[in-house]
Amino acid sequence: MHPVVKLIAQRLALGILLLLAVSVLIFAGTEMLPGDVAQAILGQSATETALRNLREEMGLNQPALTRYFQWLWGILHGDLGTALSNKKDIATEIGARLGNTLFLAFWAAVISVPLAIGLGLLAVRYRNRWPDKLISGVTLATISLPEFVAGYILMYLLTVKFRIFSPISTIYDSMSFGQKLNAIALPVMVLVLVVLAHMMRMTRAAILNVMQSAYIETAELKGLRPLTIIARHAFPNAIAPVVNVVMLNLAYLVVGVVVVEVVFVYPGMGQYLVDHVTKRDVPVVQACGLIFAAVYIGLNIFADVISILANPRLRHPK
Amino acid sequence: MSRIPVSALIGLVMTGAFFFTAIFAQWLAPYGLNEAVGDVWENPFWSSEPSQYLLGTDNIGRDLLSRMIYGCQITILLATASSAVAFLTGSILGFTAAVVGGWVDQALSRLVDLFMSLPSLILALVILSVLNVTLPVLILVMGLLDSTRVYRLARAVAVDIVVMDYVEAARLRGERTGWIIFREILPNALSPLVAELGLRFIFAVLFISTLSFLGLGVQPPLADWGGMVKENKDGLVYGISAALVPAIAIAVLAISVNLVADWILNRTTSLKGGRNG
Amino acid sequence: MISMRDMADKPLLDIRDLQIEATVYPPGEKPKTMTLVHGVSLTVEKGKVLGLIGESGAGKSTIGLSSMAYGRGGVQISGGEIFVNGRDIMKGGAQGLRALRGKEVTYVSQSAAASFNPAKRLMEQVIEASLVHGLMSKAEAEARAVGLFRKLGLPNPETIGDRYPHQVSGGQLQRAMTAMALCPKPDLVVFDEPTTALDVTTQIDVLMAIKEAIRDTGVAALYITHDLAVVAQVSDQIMVLRNGKMVEWGTTDQIINTPREEYTRALVSVRSHEHAEKPSSGDPVLKVENVTARYRSVPIDVLKNVSVEIEPGHTLAVVGESGSGKSTLARAITGLLPPMRGQMIFNGRTLSNDLAGRTKEDLRELQMIYQMADVAMNPRQTVATIIGRPLEFYFGLKGAERDRRVQELLDQIEMGKGFADRYPAELSGGQKQRVCIARSLAAKPKLIICDEVTSALDPLVAEGILKLLLDLQKLEKVAYLFITHDLATVRAIADSIAVMYKGQVVRYGTKSDVLAPPFDDYTDLLLSSVPELRLGWLEEVIAHRKMESAGN
Numbered sequence: 001m002h003p004v005v006k007l008i009a010q011r012l013a014l015g016i017l018l019l020l021a022v023s024v025l026i027f028a029g030t031e032m033l034p035g036d037v038a039q040a041i042l043g044q045s046a047t048e049t050a051l052r053n054l055r056e057e058m059g060l061n062q063p064a065l066t067r068y069f070q071w072l073w074g075i076l077h078g079d080l081g082t083a084l085s086n087k088k089d090i091a092t093e094i095g096a097r098l099g100n101t102l103f104l105a106f107w108a109a110v111i112s113v114p115l116a117i118g119l120g121l122l123a124v125r126y127r128n129r130w131p132d133k134l135i136s137g138v139t140l141a142t143i144s145l146p147e148f149v150a151g152y153i154l155m156y157l158l159t160v161k162f163r164i165f166s167p168i169s170t171i172y173d174s175m176s177f178g179q180k181l182n183a184i185a186l187p188v189m190v191l192v193l194v195v196l197a198h199m200m201r202m203t204r205a206a207i208l209n210v211m212q213s214a215y216i217e218t219a220e221l222k223g224l225r226p227l228t229i230i231a232r233h234a235f236p237n238a239i240a241p242v243v244n245v246v247m248l249n250l251a252y253l254v255v256g257v258v259v260v261e262v263v264f265v266y267p268g269m270g271q272y273l274v275d276h277v278t279k280r281d282v283p284v285v286q287a288c289g290l291i292f293a294a295v296y297i298g299l300n301i302f303a304d305v306i307s308i309l310a311n312p313r314l315r316h317p318k
Numbered sequence: 001m002s003r004i005p006v007s008a009l010i011g012l013v014m015t016g017a018f019f020f021t022a023i024f025a026q027w028l029a030p031y032g033l034n035e036a037v038g039d040v041w042e043n044p045f046w047s048s049e050p051s052q053y054l055l056g057t058d059n060i061g062r063d064l065l066s067r068m069i070y071g072c073q074i075t076i077l078l079a080t081a082s083s084a085v086a087f088l089t090g091s092i093l094g095f096t097a098a099v100v101g102g103w104v105d106q107a108l109s110r111l112v113d114l115f116m117s118l119p120s121l122i123l124a125l126v127i128l129s130v131l132n133v134t135l136p137v138l139i140l141v142m143g144l145l146d147s148t149r150v151y152r153l154a155r156a157v158a159v160d161i162v163v164m165d166y167v168e169a170a171r172l173r174g175e176r177t178g179w180i181i182f183r184e185i186l187p188n189a190l191s192p193l194v195a196e197l198g199l200r201f202i203f204a205v206l207f208i209s210t211l212s213f214l215g216l217g218v219q220p221p222l223a224d225w226g227g228m229v230k231e232n233k234d235g236l237v238y239g240i241s242a243a244l245v246p247a248i249a250i251a252v253l254a255i256s257v258n259l260v261a262d263w264i265l266n267r268t269t270s271l272k273g274g275r276n277g
Numbered sequence: 001m002i003s004m005r006d007m008a009d010k011p012l013l014d015i016r017d018l019q020i021e022a023t024v025y026p027p028g029e030k031p032k033t034m035t036l037v038h039g040v041s042l043t044v045e046k047g048k049v050l051g052l053i054g055e056s057g058a059g060k061s062t063i064g065l066s067s068m069a070y071g072r073g074g075v076q077i078s079g080g081e082i083f084v085n086g087r088d089i090m091k092g093g094a095q096g097l098r099a100l101r102g103k104e105v106t107y108v109s110q111s112a113a114a115s116f117n118p119a120k121r122l123m124e125q126v127i128e129a130s131l132v133h134g135l136m137s138k139a140e141a142e143a144r145a146v147g148l149f150r151k152l153g154l155p156n157p158e159t160i161g162d163r164y165p166h167q168v169s170g171g172q173l174q175r176a177m178t179a180m181a182l183c184p185k186p187d188l189v190v191f192d193e194p195t196t197a198l199d200v201t202t203q204i205d206v207l208m209a210i211k212e213a214i215r216d217t218g219v220a221a222l223y224i225t226h227d228l229a230v231v232a233q234v235s236d237q238i239m240v241l242r243n244g245k246m247v248e249w250g251t252t253d254q255i256i257n258t259p260r261e262e263y264t265r266a267l268v269s270v271r272s273h274e275h276a277e278k279p280s281s282g283d284p285v286l287k288v289e290n291v292t293a294r295y296r297s298v299p300i301d302v303l304k305n306v307s308v309e310i311e312p313g314h315t316l317a318v319v320g321e322s323g324s325g326k327s328t329l330a331r332a333i334t335g336l337l338p339p340m341r342g343q344m345i346f347n348g349r350t351l352s353n354d355l356a357g358r359t360k361e362d363l364r365e366l367q368m369i370y371q372m373a374d375v376a377m378n379p380r381q382t383v384a385t386i387i388g389r390p391l392e393f394y395f396g397l398k399g400a401e402r403d404r405r406v407q408e409l410l411d412q413i414e415m416g417k418g419f420a421d422r423y424p425a426e427l428s429g430g431q432k433q434r435v436c437i438a439r440s441l442a443a444k445p446k447l448i449i450c451d452e453v454t455s456a457l458d459p460l461v462a463e464g465i466l467k468l469l470l471d472l473q474k475l476e477k478v479a480y481l482f483i484t485h486d487l488a489t490v491r492a493i494a495d496s497i498a499v500m501y502k503g504q505v506v507r508y509g510t511k512s513d514v515l516a517p518p519f520d521d522y523t524d525l526l527l528s529s530v531p532e533l534r535l536g537w538l539e540e541v542i543a544h545r546k547m548e549s550a551g552n
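Protein chains in written order, with the numbering used here: chain A, 1 to 318; chain B, 1 to 277; chain C, 1 to 552.
Do not rely on the hints blindly, as some may be mistaken.
[Claimed, not checked] DMTMM-like, lysine to aspartate or glutamate: derived pairs with alpha carbons at most 25 Å apart: (1) C:Lys103 to A:Glu220; (2) C:Lys120 to A:Asp89; (3) C:Lys46 to C:Glu539; (4) C:Lys360 to B:Glu168.
[To be verified] Sample of chain B residues facing chain C (criterion: CB under 8 Å; computed from the structure): (5) Met164; (6) Asp165; (7) Tyr166; (8) Arg171; (9) Arg173; (10) Thr177; (11) Ile181; (12) Glu184; (13) Pro192; (14) Pro220; (15) Glu231; (16) Gly235.
For the record, the hints were derived by calculation from the structure and aren't laboratory data.
The beta-carbon is built from N, C-alpha and C at its ideal position, and this holds for glycine as well.
Chain A on its own, in the form it takes in the complex (with noise of 0.2 Å):
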């Protein structure tokens, strides 16, 4: 088998053992934590019948172990339970939301990323001289900002002050798509300016490191055009890490959308996850929790998927 293959199929393996692991981590964090579960859902003047039939309810009687393959072989099973809070069939629920979320952020990812490498460009070019210092200076303040603060100041200013965009991104399967693209449009500019900033900081320091190896050097000493050592000696050279740049951001970006479809009110993953942990309502918290994560693991994979397949010294073993 060649050594790329075997690498990337042991890479999955390892992501699968991680998600498994993940998933323990998250049953043990709601499960096994000290004191009662149901006492902790139902708070302290909760009566002893009540917390009986919740316990029975949650199936807290049986020990942990069968509870945790009971689930996750219902989650294999695309079973995700029933919510506590109103009964209802938890898989439904996030189906709709899910594609919400992931409406949301794929118009964030499609203009941070482009824009993100372009103006990484633009600093690596202009290097220490005004355009890079602004960027560099810009990018330490919105670092500094957490989403929600970067989202009611968005807000304030553009449908308060100037009444451009409507403060509430909700959105029905009724509306045209440029009805919901004009709807998430706010949120998305929030997600956009969040992520932007680390995004294009680190592709400014990835391009950075491949433009000071003594290949170029040699690119320029063989008296090409500066276009020409970008696009054949530098860019090759870039793909892994600007890709591994990218997609620990959009990593960043699934945190970013949970606290951003609050703030706007949007029907997404993040705010049902959001509403469901003030109801201490558990098996939904699990649910949300592990696609989170298996999405967060996912791009990461994705990563590491792409800097295998990017370097020469794997791709062409001696």
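We have chain A already, so just place chains B and C on it with the hints.
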């Protein structure tokens, strides 16, 4: 001592002011934290009848300035305590892993990998969904989750130092592990760790604010800045800017500390030990 | 219109009163401008080779790159004129420079491994300049490249171009880079320390290949190196540089045989230092008996059945190339890599193989000095702490008594007053190594292991360190185990020699025995590979040696 750049100086002064406010909040605040003094959302700025309160009042008529000052105290207390927890746990375990090596290192590092394989906000939400959220619980949860990052840095820095010839020379001289950790490794690992302390503090401020904003952090009757954004956010749609005051305070605090951390980071990466660093 | 006569009269490269500056950005301070090259002038005739030689900081690489109007980092040409083929290249703008670089002037760097793009095949990179400048068709360029590969002695010249840089060895990459520089038929090639990173036995093969390629293609060259013996083999003329100024410029013969300047004389005589062998005195201070060792997780013995002895006050030199196991021997003796078999008897006591099992007295009497002095000292400790710690640790000296002893040691290493409060970063390379010597002397050891202690230093500084070590040996009666790859150093310091090859001692005895014929094949190769400061030496060696080097 080399010259301090203007940006770092601004950062230092601002950070100092925030900490001063946090420490002396009880004496600085004109009114109590939960003392209702006026009407709902009195607006001090650009209003036909300006409020007598400097920053106006909040969603149930409490003095916003007083709440901001107390909020500063809670926010900074939580952020400081949790980054201290993160720092102590992370750096002690990281150094131990690097110096002892072997299975201790393997076990700790794989565990940290597992925790870092999912976003800390998600993990925090999962854990806080079943815990009674009190200040010590918040400090521990945030501190321990964040200690994974400190662990990685401390271990990486220490591993780099452990392979240095001067550490080998100390071993060959017959020095004990204590001397090696405290006299050979620590002085050389300190500056990257101090710069990291700044970044961890910022992260803690943003983290606690986000949690409180989501309603899962500091619980009433206490309040921090994140929670105050949440309380006042509904007014925003009607053009009432009360929610922006704590929001901007969070950003300013984070930027101030960032300016200082950035400066320390630049200094440590360009100095090879010796004086100053 | 320039007539043929004009062309013939003009030198190929003509640098006049070159001044080069660099802007440095010390942290927290204002940027500073330093002058690296002060008014150097030189010319290179068509087809001739000029060697540029000097220690680190002499500005030789900077001058070499100025022939392509290229400055690394913050380096810029601030004065003077540079003519290539009669044209002032500073006046041609960016486009003019691109037409010059890779067409008229090409470059071979010290580290070909870093200078090749890891993501592209060798052939593509070798012919790139020829194609970009429209000098030949792709087929012609490839045919020329294969021809150059063959001439430079690369294995499988037809197919090696299909390989990626990481798939060939360091010596081969250096040859491939030479082929890359020669492919566009340039007028001038700048060779920037092209053999410095190679093992000594590989070095002469590459050197020979470069020399033949220069001769056969009739190209002119600037050959930059710190090794006078190397540059003497390939150059027609040599220019000696120091601190960015020219010291002396003449034919190779004149520079090495009748140097005019004091500094050149010092450079020339650096290797001529000979050390008289001490007579045997009986009981050895250290006996290494049948030591076999391997690293964890590597299933090969790095040391195979090694036995050597050192007498008190004597020096045993352990020589070999990288990978021969000579540094592993040091690690085994110090206990950092406990041997699997064999034992060591030190001062009549059997040493514990493992470091943890050794007594404080064992540790004190066996000290070590490292190759890289800057990483052998804690950058956060002052010289007084560094030298004082062994005094405190082994002898319990404190306060004024300790300070007095530290000063005594500083005097012994010829550094005198005013250094005790300095940090390592505030010392020069030679001073750092001296402090390391003082630190080991502070323990009053019986044996010091010196691991390549001079190989990171400039020749004149290295000679000073060797002299100091010899003086201290007389005074303190300390024995040295001297690990090195440089046979000139061995001649200057050793009483006995062990030659190591692939983990084994292949030749061992007193210096006079080891260095006298008949030789075994490997010792012959190693001895003959050491560049000698003599015209025609290279050709002689290539013609007469018994064994080819392994890692070319």
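Going through the hints against the structure:
1. C:Lys103 to A:Glu220: holds, 12 Å
2. C:Lys120 to A:Asp89: The given pair, whose Cα atoms are some 54 Å apart, is violated under the 25 Å limit.
3. C:Lys46 to C:Glu539: This hinted pair holds, its Cα atoms lying about 23 Å apart.
4. C:Lys360 to B:Glu168: holds, 16 Å
5. Met164: This interface hint holds because 5 Å falls under the 8 Å limit.
6. Asp165: The hint holds - aspartate 165 of chain B has a Cβ within 8 Å of chain C, the shortest such distance being about 4 Å.
7. Tyr166: This hint holds: tyrosine 166 of chain B lies near chain C, its Cβ roughly 5 Å from the closest one there, short of 8 Å.
8. Arg171: holds, 7 Å
9. Arg173: holds, 6 Å
10. Thr177: Given a least distance of 11 Å, the restraint on threonine 177 of chain B is violated.
11. Ile181: Status violated, d = 13 Å.
12. Glu184: holds, 6 Å
13. Pro192: violated, 13 Å
14. Pro220: violated, 47 Å
15. Glu231: violated, 44 Å
16. Gly235: Violated: closest Cβ of chain C sits about 46 Å from glycine 235 of chain B, beyond 8 Å.
Violated hints, in rising order: 2, 10, 11, 13, 14, 15 and 16; the structure is consistent with all others.
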